[in-house]
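Starting from the two chains in their separate frames, assemble the complex, guided by the hints.
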Amino acid sequence: MDFELPAEHRMIRDTVREFCQEEIAPIAQEIEDEHRFPQEVFDQLADLDVMGVPVSEEYGGLGGDQLMYALVTEELGRVSGGIGLSYAAHVSLASKPIEMFGTEEQKAEWLAPLASGDAMGAWALTEPGSGSDASDMDTMAERDGDEYVLNGTKQFITNASVAGSVLVKAVTEPGAGYDGISTFIVDPEDDGFEVTTVWDKMGLNCSPTCEIALDDVRVPEDRLLGEEGEGWEQTKKTLDGGRISIAALSTGLAQGAYDHAKEYAGEREQFGQPISKFDAIRDKIVDMHRKVESARLLTHKAAWTYDQGNEVNRESALAKLDASEAARENAEDAVQVLGGYGYTTDFAPQRFYRDAKLMEIGEGTSEIQHLVIGRQLGL
Amino acid sequence: MKVLVTVKEVAEVEDDFEIDGTGVDDRYLEYDLNEWDDYAVEEAVQLQEAGDDIEVVSVTIGPERAEETIRMALAKGVDRAIRVWDDALDQDLLDTATKARVFRAVVEEEEPDLILTGVQAGDDAFGATGVALAESVGQEWAAVVNQLDIDHLLAENVARVHRELEGGVEELTDVELPAVLTIQTGINEPRYASLRGIRQAQSKEIAPKTLADLGLEAGDVESSLFLTEMYEPESESDATLFEGSAEETAAELASVLREKGVGAE
Ligand SMILES: Cc1cc2nc3c(=O)[nH]c(=O)nc-3n(C[C@H](O)[C@H](O)[C@H](O)COP(=O)(O)OP(=O)(O)OC[C@H]3O[C@@H](n4cnc5c(N)ncnc54)[C@H](O)[C@@H]3O)c2cc1C
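Those sequence lines, one after another, are chains A and B. Its first residue numbered 1, the first sequence is counted upward by one per residue in full-length UniProt numbering. Its first residue numbered 1, the second sequence is counted upward by one per residue in full-length UniProt numbering.
Excised from the complex, chain B in its bound form (with noise of 0.2 Å):
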């Protein structure tokens, strides 16, 4: 079986920041492994672990630089990873559909069993690249995963989801293989890559490959969604400050939640 984990570099801003032109000044940002990816990597090599002879590849679309990210994954138990990169990826923003075909490429090369791809990315948030995928390669899907059962997949080939829904409540969902899952964080607990991890990953592939590699042209990655502007919104706050014993805060509290619509009828 072959387990194909979409990963991404994350670009994580500092709480103080300066905007420049459409981005923010790169002297405020970190780089690291997109939180929710770091969850689908997990579930892949508890997968791997459970069962025999399971393949985990790990595939992203960014720049040299991102390889000490990727490395993290392949740290942590991943096979091997592919690095897809090109002047032409190198744009401002690349919408969900132009990922999807670039990822569909190295899908109709790998033919992996199991796509998994986080929920979202920390950074553009589009929350829809996996989705994307799924219809571009035509398989089913199951979005926002928060409990995948490993043994019944191993066993029947199928995908038991939870899948968390709005307002606290959950669906239990089958979806048979070849499937494309995007998973939520807290499905488990990443783990740390151990030191030995570290030092193995070193020497692990990271395949670049360029669009031509993929047999892509620069005029299939042409983003239909463009930056015009970015700027901080102006942000008010209200805030309640309840006062008395903790019995009369707390009802009062539960009220104005209630008001608001939070939790479950």
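So that you can see chain A by itself, here it is in the shape it has in the complex (with noise of 0.2 Å):
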């Protein structure tokens, strides 16, 4: 068993982190307190062929693993969370899908652009009626000629503000559950999609999180992803892969509040010593130090057995649980070593406390990982 990183893969990852420090980290709060998603950020990504990290080269993405993908997505999180969120979903759930179930065309017209960074995407199932329960969906997709017709709402989609397609989940067949659910390549431009809210929230607002209006939206027939029938087998495919790029995410911010608490604790001094020689805060930060290694060991794991041409469904599922458990324990330990500075918007760690709750909520709550989890070890 070989744990060494291959050099590729270390000085991609290398490479990225000082692209973060010198080009993300100085902007990170800004950006929050801004809630403006930085577009010029993603540029520069595209320019250093990060936005395909794990798209083939055909297509005009980088060709590396999944692997590669998750150091680089770990290295974003270190930085800022809404970054790196809205990088995963582009990469994870809205190119990785057309890669992996488009035709010819639909790649070169649809994925290449993501691909290079030319365009954003994004990814649409969760609706305001159904969430954890995502196969109860109420947005439908009528045949009509050559053409199908797409109506009702869906909530909470990363990047839909300024993406240039989206991944729409709709039911072509009602009563037929699972079975019935299809998968659309939609053009925010295609008449009758709306963004109709961008939300505030608790963090990660540089990463936009919206609701679409989908009224009587026309779409030609080749925008059907696959066949009718199969977007919820995508789905889950497409959640195998996602959920260790949020892993990866997790691991990052939980690394990045380790930095920060660590850094502080060295520096600040309390009843004439640094407070990091007091056991209470040495056992904190050692304490998180443990908890970066083990999320981002998962996060390798399951990266690698994904590599391998694996069923990962655990593994990912496993990753992602402890990953996003680690991002907030260590975010609230990082506040916690800070004191009162840490509760301040001078200092990191409370960003990385509101960015990383939301990593035990998205690709599936904490408590829908460990149904997944119960599924495979057969409870």
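Accuracy of the hints is not assured; some may be wrong.
[As the list claims (entries may be wrong)] Selected chain B positions facing chain A (Cβ under 8 Å, derived; list incomplete):
# : residue
1 : 71
2 : 75
3 : 193
4 : 195
5 : 196
6 : 199
7 : 202
8 : 206
[Stated by the list, open to error] Across the chosen pairs, the derived CB separations fall in these ranges:
#  : chain 1 : residue 1 : chain 2 : residue 2 : range
9  : B       : 165       : A       : 18        : 30 to 36 Å
10 : A       : 108       : B       : 16        : 50 to 56 Å
11 : A       : 44        : B       : 16        : 31 to 37 Å
12 : B       : 155       : A       : 346       : 25 to 31 Å
13 : A       : 44        : B       : 127       : 40 to 46 Å
14 : A       : 200       : B       : 30        : 56 to 62 Å
[Said to hold, decoys possible] Far from chain A, by Cβ distances over 12 Å, these chain B residues were calculated:
#  : residue
15 : 67
16 : 86
17 : 186
18 : 192
19 : 194
20 : 245
Worth flagging that the hints you see were computed from the coordinates, not collected in a lab. All C-beta atoms, glycine included, are put in the ideal place defined by N, C-alpha and C.
Rendered as structure tokens:
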């Protein structure tokens, strides 16, 4: 067994890390305060070939593996949860399904601009009335000649307001349950597509989270991804990969929170000594370190399993469950280590705390991860 | 046209460290591409992008560990690299003349039209290798270059350079090729390697060369400098605090700077 990263992966991680430190860290709080999607950062990431890391070179991606993608996502999370979330949604949820299930024509038209970073992608499953029970959706797609007509509302869709394409899940066969769901590639320019809300959130405010109304949106039949009725199977596969990216993002948040706490604890003096010399603070920081390491190991194991082409449902759920808890706990501990300063927006830990909480909710809540893992354990 | 860029992997010392013999304990060191070399590489790659058929070759003296750092230069657009290493080079300190001898052998083999080096290396800071190399190969040189007119160089085969002198004075010099330029930080804005560049760099050549490959012997690299001791000097700091309005304190600061001779007359 070899725990050493390949040289290529290390170089990529280090370069992205340097970029994040120099270009993102200085504005990370500002874009949160302004609730501003930083297009300029994504343009730079596109120039560096970051936007399509695990997409094949044939379609303009980098042709890297899931492990490389996890490393990059972790680095983004280490400085900005919001940029990391928009990135992970763009890659895992919006790009990979087109690569996995699309036709050559669809890949050329819709995947290539995502992989090169010319456009952002979004993925719309959740609805106001269906979250964890995602297959119980109300959005309908009715066939009309060589078109489909989409009607419904999608909720909490990352990137929808800045996207060049949105993958929309809709029911094509009412009453058929899981087998009645299909996926459509929708262009936000299509008539009847409207972003009705961009939510103000507890954190991650540089990543737009949108409500979408679909009102008689007509799409040609070649916008159907895969076959009719395959939408749910596609969703499960998509989330297997997506959860690895949320695990990686969470590992980054956990690491970032740890970095801030460790640095501060070495400098801040009380009772005549650095606070890191008090057992209580030292133990906290050691535990933070332990959580980062185990979250990363589970994440890399899930990514590795994915890259072997093996079933990864349990591994990715486990990694996401563990890493998202690590992120939230480390962020909370980082606030505590910084004391009153940790509670102010002049210091980063509060931002990590706000951002980390979502990791236990998005792409399946922690309760749902338990359900998925329990099922895999035969419980 | 061929451009040769000398690059070096340097050790960077953490804020808190311990000295071990005549060096800094390895636990406190991180290895990276020398900062000045990063600018030299960028300048060479910009030249390559502006011209036709320009090959950029990097050369380093360093152990196998240095390959990863050198590969960063390849990722940024350098075409291929040469890494010179030999047991005889594994010394505490390689003096400038020794390094110049090794590089001269490479220059004789490669016959570049232009050689770029960093002004200095961040670790041992001799600041002399580039100039010593120019002397050794009998070429013209310009040191501490902070601006190079790339169009002029491509059109006229002459390096029109700005050099930074003491007290903020600048000098404009024309140097005919072949020549050696030592590159100052700030001459350009070094790019980040693109991820595709990093992937492609994995299969670019880093040719290992021993002294024998270059027609040299152990006797040619006997350094005449030896490290005898490494210690932390006693430090003292002397701070003056100005109090008052911005106008008053700025004026006080200006007069102190004038007294100390900072800035051009
Ligand atoms: C910032 C953000 C970005 C998002 N991005 C996207 C996106 O890009 N695309 C997209 O489609 N969706 C997105 N979502 C939606 C997200 O996936 C859902 O919010 C999530 O799946 C939970 O659904 P819900 O909010 O409806 O909560 P509910 O499903 O109503 O859950 C409420 C609570 O009940 C618990 N619960 C529900 N069912 C069970 C059960 N069977 N057993 C035990 N407990 C249960 C849950 O765990 C939770 O604690 C995003 C959400 C946010 C906040």
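Now the hints, each set against the structure:
{"no.": "1", "hint": "71", "result": "holds, 7 Å"}
{"no.": "2", "hint": "75", "result": "holds, 7 Å"}
{"no.": "3", "hint": "193", "result": "holds, 5 Å"}
{"no.": "4", "hint": "195", "result": "holds, 4 Å"}
{"no.": "5", "hint": "196", "result": "holds, 5 Å"}
{"no.": "6", "hint": "199", "result": "holds, 6 Å"}
{"no.": "7", "hint": "202", "result": "holds, 5 Å"}
{"no.": "8", "hint": "206", "result": "violated, 12 Å"}
{"no.": "9", "hint": "B:165 with A:18: 30 to 36 Å", "result": "holds, 32 Å"}
{"no.": "10", "hint": "A:108 with B:16: 50 to 56 Å", "result": "holds, 55 Å"}
{"no.": "11", "hint": "A:44 with B:16: 31 to 37 Å", "result": "holds, 34 Å"}
{"no.": "12", "hint": "B:155 with A:346: 25 to 31 Å", "result": "violated, 53 Å"}
{"no.": "13", "hint": "A:44 with B:127: 40 to 46 Å", "result": "violated, 34 Å"}
{"no.": "14", "hint": "A:200 with B:30: 56 to 62 Å", "result": "violated, 42 Å"}
{"no.": "15", "hint": "67", "result": "violated, 8 Å"}
{"no.": "16", "hint": "86", "result": "holds, 23 Å"}
{"no.": "17", "hint": "186", "result": "holds, 16 Å"}
{"no.": "18", "hint": "192", "result": "violated, 5 Å"}
{"no.": "19", "hint": "194", "result": "violated, 5 Å"}
{"no.": "20", "hint": "245", "result": "holds, 26 Å"}
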